[in-house]
Structures are given as structure tokens and as C-alpha cells.
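Visitor: Below are the chains, spelled out letter by letter.
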Amino acid sequence: MQPIRTLTSRTVVLPGSNIDTDQIIPARFLTTTTRDGLGQHLFADWRYDAAGAPRPEFVLNRPEAAGCEILVAGRNIGCGSSREHAPWALMDFGFRAVISTEIADIFRGNSLKNGLLPVVVDEATHARLVASPGSLVTLDLETRTLRLDDGTAVPFPLENFARYCLMNGTDELGYLLAQAERISAFEAARAP
Amino acid sequence: MTPRTLFEKIWSAHEVVAETADTPAVLYIDLHLTHEVTTPQAYTVLRQRGLKVRNPSRTFATMDHSTPTDTAQIFGGVPIRDSSAARQVAELEKNCAEFGIELLKLKDPARGIVHIVGPELGLTQPGQTIVCGDSHTSTHGAFGALAFGIGTTEVGHVLATQCLLQRKPKTFALNVSGALGHGVTAKDLVLGIIHRIGVSGGTGHVLEYRGATIEALGMDERMTVCNMSIEAGAKAGLIAPDATTYAYLRATPRAPSGAALEAALAHWQSLPSDPGATYDRSVDIDAASLAPMITYGTHPGMSIAIDGTVPSPAGDPVHDKALRYMGLAGGEPLLGRPVNVVFLGSCTNARLSDLRAAARVLRGHKVARHVRFLVVPGSQSIKRAAEAEGLAQVFIDAGAEWRESGCSMCLGMNGDLVPAGEYCVSTSNRNFEGRQGVGARTLLASPLTAAAAAIEGRVADPRQYLA
Ligand code: SF4
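Order-wise, the sequence lines are chains A and B.
Letter 179 of the first sequence, counting from 1, is numbered 179 in this note's numbering, and no numbers are missing.
Letter 154 of the second sequence, counting from 1, is numbered 154 in this note's numbering, and no numbers are missing.
None of these hints come from the bench; they were simulated from the model.
Just so it is clear, CB atoms sit at the ideal spot from N, CA and C, and this is done for glycine as well.
Warning: the hint list may mix true and false statements.
Here are the computed lysine to any residue pairs in the SDA-like style, where the Cα-Cα straight-line distance is at most 25 Å [unchecked claim]: (1) 9(B) <-> 181(A); (2) 321(B) <-> 47(A); (3) 9(B) <-> 183(A); (4) 105(B) <-> 127(B).
Okay, the calculated beta carbon distance ranges per label pair [as the list claims (entries may be wrong)]: (5) 57(A) <-> 49(B): 12 to 22 Å; (6) 132(A) <-> 421(B): 29 to 39 Å; (7) 2(B) <-> 143(A): 36 to 46 Å; (8) 327(B) <-> 40(A): 25 to 35 Å.
Next up, chain A with everything else stripped away, as it sits in the complex:
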């Protein structure tokens, strides 16, 4: 996992509420057995027309979206299925952070495990971000703050452990494997 300490990028805005994981990546693209190359299918049903040609009006197809690493989404992004293909596709496309007022639980957990930073902000900050697509935003994990282009700093919640893993590029599997003795003791204690 790539460590992430600060991230500065222009934003892409997808304002609709309840963007579910079937929109982020439709089920027909889940028959892969690897995690690579899913970026081409990100938001496939919104990005491409029935003939498979990119819809020029869709934000991700616009030239100003190129290189943007921060996605600002409407409330409750990531609801629906547990498919980890959703953060994989977002990251493969180039995103490193998702900002919303509410982020669905499983999607949030999956994002953290892959180094995609889920950022929950208050309604007012969200409204400002939605109203100014392409604005420059800095996310600082050290201070857990989001800085808008006018310098306004807004705190965002992030548990210590998740922050530690993100900042150090540590994956949780290593941490869990290190608990082997305690897991064995637990199993022994409850064996009939």
C-alpha cells in the first residue's frame, strides 16, 4: 500500500446522493480474478453510451478531470454491495480520496484497506466543495484537516489506527498476523 501523508489536488464533483457501488462499478465487470485494470469500467454506465463511446458531458470524461485525485461525491456514497472492486476501480482511475457528508460503512472500510482516503465533512463545507468543481484541496493526515483553496481549514474524523496505516502504508494483515499467539490462546480457552 502506498503511504499517504498529505494530498493536494483539484477536485472532481459528482453531486448525486446515494451513489451505490453498482454505479461505481457494475456487477458485469466483477468476473475478473485480479484487481488490476478496473479503472476503465469506473462508472461505466454513466461514462459510456450504449455503443461504448464516452459521453463527452460526463465529468470524468472532461479534460479538466485528468489528473484529479480527489472525488467529491453527494451524500452517502458507496452504499450497496461489499465489492472491493469499487475502491479498486476508483484508485485504478487515479483517485486517492473521496469526500462526502456520509460514506457507507463497508465501502469506507474497503477504501481504507487500499489506501483510498474517505473524508467525511459537514454539510456547509460539502456544499462549498460541490459548488466549486476543480477547486484545489489539501488533505493533511497529520492534522486530520482539509484545507480549501481560500485557506479555510476544516477537521475531518479519522481513527488513529486507520491514520497510522495510511500514513505508513501498513496493511492490516501484518498487524493481525502478529496477534497469532493471542488468537491461539482465545481458541484454546473456548474449545469444548
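Dock chain B with the ligand against the given chain A, drawing on the hints supplied.
Guide: Chain B with the ligand in isolation, oriented as in the chain A frame:
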């Protein structure tokens, strides 16, 4: 001792390491259910790191998501048509063989949808922690098990360590009272609950469904309710185990029996929330006021009574977009609207009692000429039972397609799809844009309502078919 909730009892019994301000809890997992779609990348990680599956006997695999439901491709010697699905099925077989995991193979007589076979075999038991790389794992909460969906990285964690890193969720009591009305089912109840609390109303919480209405439900119905907990954004759904639960488990092949059952019962009976236990949130639901429900929009909270009209909130762009996608206008009724496809299936509503309910409406009728009615039992055992008691013949005689078990049109990744622009009354759990196929328009409803729609070829009130 302070009174504890069902959730707290299960949680604390599985804490290998308690959470602190800096670190999440290490939670022990009793049962890990797996399937072909969300596991391949997890096994790749195990191989890369040279790890084994820590506890193969707590891991169980079936194939359902991308697996065909077409008899020829399962039993007829015809190869699986979709090559990437064929690859996933082959890879699951290889992974299970290499890592020593019990697998229900393609032709296994017990194979079926993961959330249907777990309970059916008696693998799902009260007080357990259960996970699966599928969000509808919440289904197993019907047995008083803490069950939730996980991503593929976490599938790897559980395979390698039998544990997960978890923050303790909050608790949310749904106190349901009042008898369900004529033609009103558990599906209508849960759609009503989601409508009430919203599609993110349960975020961060474990729901516990309580009250006389819930106690009166059979296990199949309880599973339908818990199945859709995730559609309210909840981590999991729970129902306290009781005599109904124990009677169900006694009839399964793998639940404890004999002396082991006595010991298990003593444990199970200690699980229900103590009197006076408190919840972080609670809501009272009056079930008696519910009618059969149907969704009109693109998330499961957008539902109305079957004889209601599509709402038209002013100046809500999200609502407007959903209605544009659905080809509907605010203020219009759904009753009488022509439908093209009816799907009876999925882990929400493809158990024997669901097939019986639909057959009860369908008996003596024909499926409307322009409607494709696809009936996909939840497991091969259910399929055989339905054939033995004559239900399959009712569907076939009416003109429905009778399939092998699997997820099928619930998520449209095995080739069973609703064409763009067409309306499908579906007993599944999600009506998201494109869920059943690109441009497909899904109307979620109960098996009774689905059967009535199949007969009339339009959205219909099932109550007129019930004597
Ligand atoms: S039937 Fe649908 S919801 Fe259930 S496990 Fe299959 S895809 Fe998931």
C-alpha cells in the same frame, strides 16, 4: 451485572483483543462463508505471502453469483457460456482444493445461494460471528448471529487469521408491533422499515428487530427482514433466537444434536437481550398499518403502498433523476403499469415458503403473454422440495421459466438480465440503476406481488388473489 443486549453478548464473547482509542478490536470469526466472485484476489494474497488458511473447518464455499442457472450449463454438459464466469468457478475449485476448504461444487445437490445454504445446512447458529464477502450476509442475523459483509481484503484477513479488525458498532432497536395485514409479508415489512429510517438510517449501527410482530415470524420471514438490513445502511441485523429458531435448527443436518444440542441450547437461551438493556437508538414501527409495498425509484427506500402514487417532492434533483431513469412521473399510480419481466428469486425471497406464496397466487392462472417470468429457487434443495410438492409444475404450467439455483437476475452477472428500459417486478433486494442489466427498471416487491404482476402483465395488488 449491567443488562446487556444480544449484540453486546456476541461481541464480547468474540473479542480476542478489545478495542482501544488507538486500535480496533480483534474479533474472532466463527464461520466464514465464501463464493466465487469476492475470493480470487484474497487467495492471491495468501499465495504471495506464503500463508495457509488458519481454520479450514470454519470456512465454507459455494458458487452462486456468476454461476449460470440454465440447466444445460449445469447438468447438460454444455460449458459455462461466459468465459470469465467459467474462470471464476474453476479458480474457486482450485483454491478450495489447494487450501482444504469444503466446497459445494456446480453439480452438488446442496449447492445454492450462500445466504440460503448456510442456514439450510445448519451451519448458521445463534451467537456466532459470521462473515462473507457479500453485503447480504446480514441475512444470518435472523438466527441471532452477528453476521456482516466484508470486502476481499478482509476475506484474506479471515482466511489467514480467522479474525477481523473491527470498531464496535452502535445498537439500534426496531420495536415492531401490530399484526401484518392481509397479503402483507415480511418483505413489505422490511421495505416499510427502510422507507421509515432511510437508506443510510442504520449506518454505523447493528439493528435488532424486536417485538411481537417479529416473534410471530417464521425463520424464512425473519431471514427476509434481516437480509435487507444492509439496505438501511446497517452493519448487521439481529433477531433474538427463540423456540422458532431452535425448531428450525433441529431439522437441519449440521446443527448440534444429542448432548451437544443440550449444551448449545443452554448457550443460545442466554443470548437474548436482558430486560432493561439499553440501545443507542430505537424506533417504534406499527406493522398493522402497512400495505403490500413496491419501490418506484432507484434505491430501496423509495417505496410506496401498492395502491399509492409516486411522490413528487418539489426541487429534489436526486428524486427527479431517479424518476427519469425509471420513466415515471410524480403523482401517478403504479397499479396497472405494464411490466415486461418478473423475477422470483434471490437470497431475500427464494426460499420454499416464498415459492409457495407465489404459487398460491399463480395456481390456475397463466403468465401474461408479454411477460417473461423467471423463477430461480435459492438452492438445489429448495428446487427439489418445490418439485416434490408440485410447486414447480404450477410455475411451469403457468408459463414461467424454472431454473437451477443461483443469484441470477438479482445482480445480473450470470447472463440473466433485464433489457434496457424494461420494467421488472423483482423479489430481490436492490433496485439500483443497472443492477439487473444496463437501463433495467426494477420494482422491488414481495413474492405475492410478483406473482400477481406475472398474471396481469402489469403492477397488480396481490390481495385480490388471496381468498
Ligand atoms: S442473491 Fe443477490 S443479494 Fe443474495 S447473495 Fe446473491 S447477489 Fe447477493
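Visitor: Of the numbered hints stated earlier in the document, which are not met by this structure?
Guide: 4, 5
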